[in-house]
Amino acid sequence: MKNKISLKISTYSYLLLMFFLPISLLLDNIFLIIMFLSTLFNVKKVRDNKVTYYLLAFYLFILFNGLLNYELVLEKENYIKLLPFLLIPFCLENIDNEIKLKGLFFLFISIIIIQVNSVYGIINYYYFTEGKKYALKNYSKINEILNYERPYLGFFSALNIIICFYFFSIKRKRFLSILIAVFSLILIIVISARLAIIVVFFTGVIIFFKEISRRKVMIALFVLIGTLLIVLLSDSSLKERFNQIGNDARVVTWNGAIHSFNNTNKYVFGSGSGQKTRIDLLEYYKNYEGFISQDEKNRFISKNYNTHNQYLNELLRGGFIGFFLLLIPQIILLYFNFKKNNVIGLMFLIAIMSFSLVENILDRQVGVYLYALLLSLTRITYKVKE
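Everything in the sequence shown is counted per the numbering used here, starting at 1 for the first residue and increasing by one.
In short, the hints are calculated from the structure, not lab data. Take the hints with a grain of salt, since some may be wrong.
Result set (DSSO-like, lysine-lysine): computed pairs, CA atoms no more than 27 angstroms apart in a straight line [said to hold, decoys possible]:
no. : residue 1 : residue 2
1   : Lys-50    : Lys-340
2   : Lys-276   : Lys-81
3   : Lys-276   : Lys-266
Computed spacing ranges between beta-carbons, pair by pair [unchecked claim]:
no. : residue 1 : residue 2 : range
4   : Leu-67    : Tyr-12    : 36 to 46 angstroms
5   : Lys-340   : Phe-201   : 15 to 25 angstroms
6   : Tyr-59    : Leu-334   : 20 to 30 angstroms
Beta carbons are placed, not taken as given, at the ideal position from N, Cα and C, and that holds for glycine.
Work out the full structure, taking the sequences as your base and the hints as a guide.
Here it is, written out as structure tokens:
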């Protein structure tokens with residue numbers, strides 16, 4: 001009886017965690033704790049989960065590397081922030097795959113909520129404030145307008161397109177799936193979310209190579225590619241954002257990260273500290289002469305941007321060992337999903353890997369949740385109907 005109750009608590013906690021993921025990290029933390037405690041009461045049912053072991057190895061390396069470099073106290077907040085990294089895959093093995101898939105619908109609904117809220121902000125900006133004076137793509141307060149951070153809104157929108165494809169594939173909520181997928185793509189284009197459009201493109205490529213025998217999917221793929229070509233060949237703000245990649249702040253931060261790595265003698269174990277990485281980057285910004293203006297240089301110094309690339313961040317913090325410990329589970333899961341012809345799992349994995357290329361995803365609590373959840377969900381075999 002107790003096992004059934006704890007299993008129900010785990011199930012409801014998981015569904016609520018998925019729903020509040022884009023909305024409230026406070027509630028997500030609460031539901032994760034509840035899910036973890038209920039899992040402990042039903043621990044006998046927990047199956048072997050290699051993802052947990054991979055992430056545990058990465059976490060322990062970061063912890064002990066910080067200890068060896070006398071950075072344990074300074075990095076304490078980062079270690080606490082990464083705890084969901086371990087708890088989520090552990091807890092999800094206590095939940096049936098059918099329930100995990102239901103969680104996608106809860107995430108689907110919550111993403112629509114933040115999308116609609118952002119559309120309200122865009123309409124308000126264009127019609128009631130400064131929309132006619134400043135282009136949305138260049139406006140410094142774009143996150144305030146969208147009521148969300150643009151990179152994460154774009155990424156969640158790309159995730160919703162993947163979820164829509166899954167619903168469409170299992171012949172469930174087909175009209176709604178098409179409607180929301182188109183809505184998400186339009187929103188990505190309007191807010192000029194470059195990463196999101198790249199994720200959508202790669203998922204389209206996966207469909208092309210893994211589902212090529214399906215005529216309807218082929219048609220949908222050609223429509224998608226046609227849409228992307230129209231965007232890239234037009235005078236849209238998204239095209240302009242791609243053209244400005246060479247001047248993007250990330251290029252400066254990536255060059256700074258590479259410069260720091262080339263000038264270190266800690267190639268194997270790294271510095272053991274994320275704070276040390278930020279200090280090195282700050283020194284690079286102070287001495288960098290490629291800024292187009294003093295104002296831009298002051299902005300970099302005042303904000304002290306991180307590496308905006310999880311892989312570069314791990315090279316600096318954990319050296320080659322930390323880098324490979326981060327990469328190994330991704331490579332193994334890529335092989336597993338490719339071998340099993342698990343299209344949806346591949347899409348989720350490519351999405352999170354792409355996001356890690358342009359964001360320090362593990363520096364943000366929501367990023368830790370996304371990383372752990374998506375890696376865990378790629379272990380499900382998504383059966384689609386022919």
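Satisfaction of the hinted span 15 to 25 angstroms by the C-beta atoms belonging to Lys-340 and Phe-201: holds (23 angstroms)
Distance restraint between Lys-276 and Lys-266, which requires alpha-carbon spacing of 27 angstroms or less: holds (12 angstroms)
CA of Lys-50 to CA of Lys-340, is that 27 angstroms or under? holds (17 angstroms)
If you check the beta carbons of Tyr-59 and Leu-334, does the distance land in 20 to 30 angstroms? holds (21 angstroms)
Cβ distance range 36 to 46 angstroms for Leu-67 and Tyr-12, holds or violated: For Leu-67 and Tyr-12 the Cβ distance comes to about 38 angstroms; the hint holds.
Holds or violated: Lys-276 and Lys-81, Cα atoms, limit 27 angstroms. Since the Cα atoms of Lys-276 and Lys-81 sit roughly 18 angstroms apart, the hinted pair holds (cutoff 27 angstroms).
The structure is consistent with each of the numbered hints, conforming to all of them.
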